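*Asks:* Each chain is listed here by its residues.
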Amino acid sequence: MSDLLAVEAIGVSKTFGSVRAVNDITVRVAAGEVYGVLGPNGAGKTTFLRMLFGLIQPDSGTIRVLGKTWAADGVGVLDGVGGFIESPKFYPYLTGRQNLEGLALLDGGHRPGLLEELLDLVEMSDRADEKVGGYSYGMRQRLGVAASLLREPRLLVLDEPANGLDPAGIRDMRALVKRLANSGLTVLLSSHDMDEVEEICDNVTIMSRGTVAFHGSIAKLRTMAPDPGHLLATTDDNRVLVLAGHHPGLRVVRDPDAALVVTGAKPDVSAYVAALVRADIDLLAFNQTQTPLEALFFMLTDDTTHQTLARPAELTKAFR
Amino acid sequence: MSAATTTAAAPVDATRAPRQRPGALAPLRWEVRKLRAQWRGKAVLVGALVLPVIVVVVLHGQSRPPKDTLFGRFATVNGFALALLVLGFAAQWVLPLLTAVVAGDIFASEDQHGTWKTVLTRSTSRGRLFWAKTLTAAGFAVVVLVVLAASTIASSVLIVGHQPLIGLSGQTIPATEALRLVALAWATMLPPMLGFTCLAILLSVWSRNPAVGIAAPVVIGMVMQLVGALGGVEALRPFLLTTPFEAWHGLLAAPHFTGPLTDGLLTSAVWCLMCLGAAYVLLRRRDITGG
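Protein chains in written order, with the numbering used here: chain A, 1 to 320; chain B, 321 to 611.
Since the hints were made in silico from the structure, they are not lab data. Please read all numbers here as calculations on a predicted model, not as lab measurements. Backbone N, C-alpha and C fix where the C-beta goes; we use that ideal spot for every residue, glycine too. One or more of the hints may lead you astray.
[What the hints assert, rightly or not] Some chain A residues close to chain B (C-beta under 8 Å, calculated; not the full set):
#1 Asp79
#2 Ile85
#3 Pro92
#4 Tyr93
#5 Leu94
#6 Asp107
#7 Gly109
#8 Leu284
#9 Phe286
[Unchecked claim] Sample of chain A residues with no beta-carbon within 12 Å of chain B, all distances over it, derived:
#10 Pro40
#11 Thr47
#12 Gly82
#13 Asp202
#14 Ala213
#15 Ala265
In isolation and in its complexed conformation, chain A is listed as follows (with noise of 0.2 Å):
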């Protein structure tokens, strides 16, 4: 990694009419480094993807990418930056191929032989001389991998790149992510999910209400994640209710979805579990409903929809 900062954006904000979409964040991404933008819908995250490659105006603050202002430098901020908003988009008239062409003429040209590396790269080769009108969903968001790398850039910025696609397209996009990661670029990834960030980034930004709930690297954000919840639904609540009196170690509440969630330290809950075997309730399931990275997401993002912990306060205070 070399001392330059591939994004330092400070104190930038940004409000739509009366909703503060972005408030006083501040990132700072170092050169080679595979990094985060965490948050759930609405955090904030793709306004301030964005402001950075300069669609939206911030109302205050600095963004500086590869050490270049969109002030000083007008679009020659986006030199050596490639990547995409949301889902790419195409013009569905032209063929992949004739939308790779026009881009790269936007682009100044690019190198020979780059754009069938790309299409083959993306698995596009067989289809790229179809309209893209033609195209499903996660075609035309390998065609914007390929149309973001075909700018060759040092910084590759992806908004929720696997969004929408099946399974399978979910493991070949990370896997298309993890690899170009590996080749030396600086990603910047955006993503609402945990798994994905943690999966591929080192460091990594959360978001929520345009505001920065956490910063730091996901080792640190390992450390502070905390127990798994389990859902847990039996023949008899009440009675498991009242046996989680004697396991001080848990917390038993009922879920809105009349099945229980039990939280604690693992041993303390298989030691329920047994209890609850040996006074003859029936368990009719017992998942776990969320991985501790996923638990501390939600108590960060204050997804009240998927929270079903108690919400450590000062834990949160604390990272902000």
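Let chain A serve as the given structure and place chain B on it in line with the hints.
*Replies:* Okay, now just chain B, sitting in the frame of chain A:
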């Protein structure tokens, strides 16, 4: 993507030098390439080539000429008169429509397809894209006017004949001179047509809706004609973009008078500057949030 391909090396050199910036004409080439790939522009050009021939054949076959219109009295017996009759009709709404089909769509279609974010994340600035699109739309207006004029004049002269033309002052204009004046009359359509091109561009940028960009200039043109025809608004007429469409009348009078042509050129230029200026500012300041 299969497992086999995902193990291949990514063709990216993270340490390479910054790429060469695109030339000034690159976005223009891209816009022309896109326009040529769309059926709409081709359909307009084919229509501009074929429809005048049909109109000429139908009018030539009429037993009673449309005497109450300019040059209508001689339209069935004189090819030059028929070409001018068609010109008068085209100026009412056809010319604004023909140019708006491309100009009204050229910016708004980026919103329709969600492609602003695709092109604005490359190495070409908004300003360059704006001028590339504007030049493409203006170029199309010129081409479609040339095709329409050539098709109308050629079919009129070939089908109806090229007898000397009776001018607006009753003078006889020899065939060669009549051909020159008719071509010139068609050429005077260009400034107001470019004015409508710029108006369509403004509406395309402002509305972000191709339907508005295409239809609104035609409707606005009709309203202007209506206003221009009303009594008591003489002071307003020189500022209407439809007034220059009538400036050619002086060419067919004896002696010629060109004052309306000069005024029309000025009016069209002001409309062009105002519309393009507003459209440019709107596009430069806009937050691209959709797509």
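*Asks:* Taking the closest pair, is the beta carbon of Ala265(A) still more than 12 Å from chain B?
*Replies:* holds, 38 Å
*Asks:* For the hint on Leu284(A), just tell me whether its beta-carbon gets within less than 8 Å of chain B.
*Replies:* Where the cut-off is 8 Å and the nearest Cβ of chain B is about 38 Å from Leu284(A), the hint is violated.
*Asks:* Mind checking the CB of Leu94(A) against every CB in chain B and telling me if the closest is under 8 Å?
*Replies:* holds, 6 Å
*Asks:* Should the hint that Gly109(A) touches chain B count as held when the rule is a Cβ pair under 8 Å?
*Replies:* This hint holds: Gly109(A) lies near chain B, its Cβ roughly 7 Å from the closest one there, short of 8 Å.
*Asks:* When the nearest CB of chain B is found for Phe286(A), is that gap smaller than 8 Å?
*Replies:* violated, 34 Å
*Asks:* Less than 8 Å between beta-carbons is the criterion; does Pro92(A) satisfy it with respect to chain B?
*Replies:* holds, 7 Å
*Asks:* Identify whether the interface hint at Asp79(A) stands, where standing means a beta carbon of chain B within less than 8 Å of its own.
*Replies:* Check passed: Cβ of Asp79(A) comes within 5 Å of chain B, closer than 8 Å.
*Asks:* With chain B as the partner, please determine if Asp107(A) meets the hint condition of a C-beta pair closer than 8 Å.
*Replies:* This hint holds: Asp107(A) lies near chain B, its Cβ roughly 5 Å from the closest one there, short of 8 Å.
*Asks:* So, Ile85(A) near chain B? Judge it on the closest CB pair being under 8 Å.
*Replies:* holds, 5 Å
*Asks:* Under 8 Å, Cβ to Cβ, is where Tyr93(A) needs to be relative to chain B, so tell me if that hint holds or is violated.
*Replies:* holds, 6 Å
*Asks:* Is the nearest CB of chain B more than 12 Å from the CB of Thr47(A)?
*Replies:* violated, 8 Å
*Asks:* Going by Cβ atoms, does Gly82(A) stay more than 12 Å from chain B at every point?
*Replies:* violated, 8 Å
Hint violations for this structure: numbers 8, 9, 11, 12, all remaining hints satisfied.
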